[in-house]
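Novice: Sequence lines, in order, name chains A and B. Counted the way the working numbering counts, the first sequence spans residues 159 to 361. Counted the way the working numbering counts, the second sequence spans residues 159 to 361.
To be clear, the hints were calculated from the coordinates, so they are not data collected in a lab. Only a predicted model underlies this, so the values are computations on that prediction, with no experimental measurement involved. Any given hint might turn out to be false.
Repeated chains share a single entry, so a pair holds when one copy, or any two copies, can fit it.
In silico BS3-like links for lysine-lysine, alpha-carbon gap of 27 Å or less [what the hints assert, rightly or not]: (1) Lys205 - Lys271; (2) Lys194 - Lys290; (3) Lys161 - Lys290; (4) Lys291 - Lys204; (5) Lys204 - Lys271; (6) Lys271 - Lys161; (7) Lys205 - Lys161; (8) Lys205 - Lys290; (9) Lys205 - Lys291; (10) Lys204 - Lys290; (11) Lys204 - Lys161; (12) Lys271 - Lys291.
Protein chains: 2
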Amino acid sequence: MMKVYDFTGSGNGYKTWLLLQQLGLPYERVECDILKGETRTPAFLKKNPNGRIPTLELDDGTFLFESGAILWYLAEGTPFAPASRLERAQTLQWMFFEQYSHEPYIAVARFWKHFFDRLTPQQEATLPDIMKKGYAALDVMERQLAENDFFVGGRYGLADIALYAYTHVAHEGEFDLARYPAINAWLARVASQPGHVTISHKH
Amino acid sequence: MMKVYDFTGSGNGYKTWLLLQQLGLPYERVECDILKGETRTPAFLKKNPNGRIPTLELDDGTFLFESGAILWYLAEGTPFAPASRLERAQTLQWMFFEQYSHEPYIAVARFWKHFFDRLTPQQEATLPDIMKKGYAALDVMERQLAENDFFVGGRYGLADIALYAYTHVAHEGEFDLARYPAINAWLARVASQPGHVTISHKH
Numbered sequence: 159m160m161k162v163y164d165f166t167g168s169g170n171g172y173k174t175w176l177l178l179q180q181l182g183l184p185y186e187r188v189e190c191d192i193l194k195g196e197t198r199t200p201a202f203l204k205k206n207p208n209g210r211i212p213t214l215e216l217d218d219g220t221f222l223f224e225s226g227a228i229l230w231y232l233a234e235g236t237p238f239a240p241a242s243r244l245e246r247a248q249t250l251q252w253m254f255f256e257q258y259s260h261e262p263y264i265a266v267a268r269f270w271k272h273f274f275d276r277l278t279p280q281q282e283a284t285l286p287d288i289m290k291k292g293y294a295a296l297d298v299m300e301r302q303l304a305e306n307d308f309f310v311g312g313r314y315g316l317a318d319i320a321l322y323a324y325t326h327v328a329h330e331g332e333f334d335l336a337r338y339p340a341i342n343a344w345l346a347r348v349a350s351q352p353g354h355v356t357i358s359h360k361h
Numbered sequence: 159m160m161k162v163y164d165f166t167g168s169g170n171g172y173k174t175w176l177l178l179q180q181l182g183l184p185y186e187r188v189e190c191d192i193l194k195g196e197t198r199t200p201a202f203l204k205k206n207p208n209g210r211i212p213t214l215e216l217d218d219g220t221f222l223f224e225s226g227a228i229l230w231y232l233a234e235g236t237p238f239a240p241a242s243r244l245e246r247a248q249t250l251q252w253m254f255f256e257q258y259s260h261e262p263y264i265a266v267a268r269f270w271k272h273f274f275d276r277l278t279p280q281q282e283a284t285l286p287d288i289m290k291k292g293y294a295a296l297d298v299m300e301r302q303l304a305e306n307d308f309f310v311g312g313r314y315g316l317a318d319i320a321l322y323a324y325t326h327v328a329h330e331g332e333f334d335l336a337r338y339p340a341i342n343a344w345l346a347r348v349a350s351q352p353g354h355v356t357i358s359h360k361h
């Protein structure tokens with residue numbers, strides 16, 4: 159049976175978990191407390207040299223890391239991954255956008271505010287820039303969703319899962335989503351998909 | 159004919175350019191000076207709402223952004239993109255690693271030191287952390303390349319193109335590559351591929 163190395167509350171881990179639920183695939187879950195350094199031990203670095211969750215262990219002992227790569231591996235050949243060359247590339251476009259222009263701001267602001275009692279002086283100094291870039295990512299999403307029900311091809315798929323994960327908990331990083339009607343309508347559409355589970359129901 | 163919106167000196171743009179050379183595909187290049195804000199104009203934001211290069215315009219007027227998505231679109235069905243489910247996911251794994259754990263440090267240090275005369279006080283304050291995380295990414299690469307000639311499946315492909323782009327100019331960000339023998343051997347293997355062009359030969 160596949161194993162997923164995960165950390166409760168992680169949006170990147172949640173992406174994998176949500177897809178596994180929607181695909182109905184059995185797996186064993188291994189909790190790794192990143193706050194205690196459990197992904198930076200020599201044993202864990204043999205599984206994932208980059209020391210992060212989620213990490214997927216296949217039946218043959220092969221390890222796969224990076225949430226985007228795990229999502230594609232699991233979804234290949236299912237309705238969650240498009241079949242056409244253009245829609246596959248568009249799905250990747252939004253998944254790379256999420257990891258480069260969205261997660262480093264929206265997830266980081268949430269991580270600091272949700273998992274720690276107070277910010278360090280350096281975090282306080284960086285926060286305005288983080289919030290500004292997070293809102294810039296939300297602006298890009300709003301623009302796309304004002305004209306599209308889902309990110310790619312008019313259907314729910316991997317790009318939606320990837321972007322939903324940290325957007326639906328952006329308020330935990332004190333982002334104000336009230337100004338984004340198209341994002342809110344899309345959040346509701348994603349939450350109404352068969353088999354949907356929110357991050358707060360995790361574990 | 160396809161159009162590529164690009165900026166001279168960008169490693170993300172170079173990835174697209176290198177693959178286009180190696181595939182022998184004709185295209186028209188449009189220079190956009192990011193330092194003058196040419197990717198943040200209303201006209202450019204209609205092409206790419208995230209306001210970045212590279213952006214690819216297909217013959218039918220469809221726009222595709224994010225270097226990783228463009229690479230997959232161009233390479234699909236060629237020897238540069240693996241065919242097997244696992245090797246495709248492993249390729250994505252290294253491409254997401256590059257965009258999340260490598261480029262934000264190695265490319266950013268290079269950008270600051272290569273394109274500007276001096277750093278701002280905030281850049282100076284952030285630089286030690288940027289250098290530390292850049293070296294951490296190089297450590298992960300060294301570990302993989304100590305046992306593998308290329309990143310995936312023992313063959314040159316998209317993962318190598320994605321990671322080569324900013325690694326081969328990491329010294330311009332004052333990263334010392336001398337301590338990484340496996341990376342240096344891999345850089346030479348990549349540079350010896352048919353049709354290879356370095357970023358310094360660009361334009």
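Novice: State the violated hints by number, sorted upward, taking the hints as numbered earlier in the document.
Specialist: 1, 3, 5 and 6
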